[in-house]
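S.K.: Kindly generate the complete structure, drawing on both the sequences and the hints.
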Amino acid sequence: MGKDYRLVFYETAAGRIPVRDYLRSQSKTVRGVAGWLLTRLEEEGPDLERPAADHLGDGIYELRIIVAGDQHRILYFFADDTIVTTNAFLKKTRKVPIVEIAKARSARAAWHAGEAAP
Numbered sequence: 481m482g483k484d485y486r487l488v489f490y491e492t493a494a495g496r497i498p499v500r501d502y503l504r505s506q507s508k509t510v511r512g513v514a515g516w517l518l519t520r521l522e523e524e525g526p527d528l529e530r531p532a533a534d535h536l537g538d539g540i541y542e543l544r545i546i547v548a549g550d551q552h553r554i555l556y557f558f559a560d561d562t563i564v565t566t567n568a569f570l571k572k573t574r575k576v577p578i579v580e581i582a583k584a585r586s587a588r589a590a591w592h593a594g595e596a597a598p
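The opening residue of the sequence shown carries number 481 in our numbering; numbering runs sequentially from there.
Please keep in mind that the hints were generated in silico from the structure rather than gathered at the bench. Backbone N, C-alpha and C define an ideal beta-carbon position, used for all residues, glycine too. Wrong hints could be hidden among the right ones.
[What the hints assert, rightly or not] Computed cross-link-like contacts, DSBU-like style, restricted to lysine-lysine with a CA-CA straight-line distance of at most 35 Å:
{"no.": "1", "residue 1": "K583", "residue 2": "K572"}
{"no.": "2", "residue 1": "K571", "residue 2": "K483"}
{"no.": "3", "residue 1": "K508", "residue 2": "K572"}
{"no.": "4", "residue 1": "K575", "residue 2": "K508"}
{"no.": "5", "residue 1": "K483", "residue 2": "K575"}
{"no.": "6", "residue 1": "K508", "residue 2": "K483"}
{"no.": "7", "residue 1": "K571", "residue 2": "K583"}
{"no.": "8", "residue 1": "K508", "residue 2": "K571"}
[Claimed, not checked] Simulated restraints, written as ranges between beta carbons of each label pair:
{"no.": "9", "residue 1": "D501", "residue 2": "A532", "range": "18 to 28 Å"}
{"no.": "10", "residue 1": "V513", "residue 2": "A593", "range": "11 to 21 Å"}
{"no.": "11", "residue 1": "A532", "residue 2": "T562", "range": "28 to 38 Å"}
{"no.": "12", "residue 1": "G594", "residue 2": "V547", "range": "34 to 44 Å"}
{"no.": "13", "residue 1": "P526", "residue 2": "I546", "range": "27 to 37 Å"}
{"no.": "14", "residue 1": "E595", "residue 2": "P531", "range": "27 to 37 Å"}
M.R.: Written as structure tokens, this is what we have:
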């Protein structure tokens, strides 16, 4: 059996949990597919590959949720054996928007600086 990973939702210093909030605003189908993929991510860690996940660079990854042609994304990073989901969005462009990657990097910096809830 492989390494055990723990998945957590990043919480801002203000108490917001962006991925949880995004998923709560989506349909039951999107939440179901996301839950299944998040479980796979927790089980497989960095071994989860395309089409389910992809490395965007600089230690930021995307979980790729496709439902009814809509492409939802959850961005995350690894902190040792912890997977930290940072932000989520509906992808409408060919590439992941730079602003979304910047949000993930900012969340990672806050996480490592201890400015976010563990």
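S.K.: Now tell me, hint by hint, if it's right for this structure.
M.R.: Going through the hints against the structure:
The straight-line distance between the Cα atoms of K583 and K572 is roughly 17 Å, inside the 35 Å bound, and the hint therefore holds. Between K571 and K483, the direct Cα distance comes to roughly 31 Å. Compliance with the 35 Å bound is thereby established for this hinted pair. For the suggested pair K508 and K572, the alpha carbons sit about 21 Å apart, so the restraint of at most 35 Å is met. The straight-line distance between the Cα atoms of K575 and K508 is roughly 26 Å, inside the 35 Å bound, and the hint therefore holds.
A hinted pair counts as satisfied when its Cα atoms are at most 35 Å apart, and K483 with K575 qualifies at roughly 31 Å. Distance check on the hinted pair: K508 and K483 sit about 30 Å apart at the alpha-carbon level, within 35 Å; holds. Restraint check: the Cα-Cα separation between K571 and K583 comes to about 15 Å, which is no more than 35 Å; the hinted pair holds. In summary, the hint linking K508 to K571 is supported, as the alpha carbons are separated by about 19 Å, within the 35 Å threshold.
Evaluation of the 18 to 28 Å hint for D501 and A532 yields a pass: the beta carbon distance comes to about 22 Å. Between V513 and A593 the beta carbon distance is about 33 Å. The supplied range of 11 to 21 Å is therefore violated. Against the hinted window of 28 to 38 Å, the Cβ-Cβ separation of A532 and T562 comes to about 19 Å, which falls outside the hint. A C-beta distance of roughly 36 Å is found between G594 and V547, which places it inside the suggested range of 34 to 44 Å.
Between P526 and I546, the C-beta spacing of about 21 Å breaks the proposed range 27 to 37 Å. Judged by the Cβ atoms, the range 27 to 37 Å given for E595 and P531 holds: they are separated by roughly 34 Å.
Figure legend: structure checked against the earlier numbered hints; hints not met, in rising order: 10, 11, 13.
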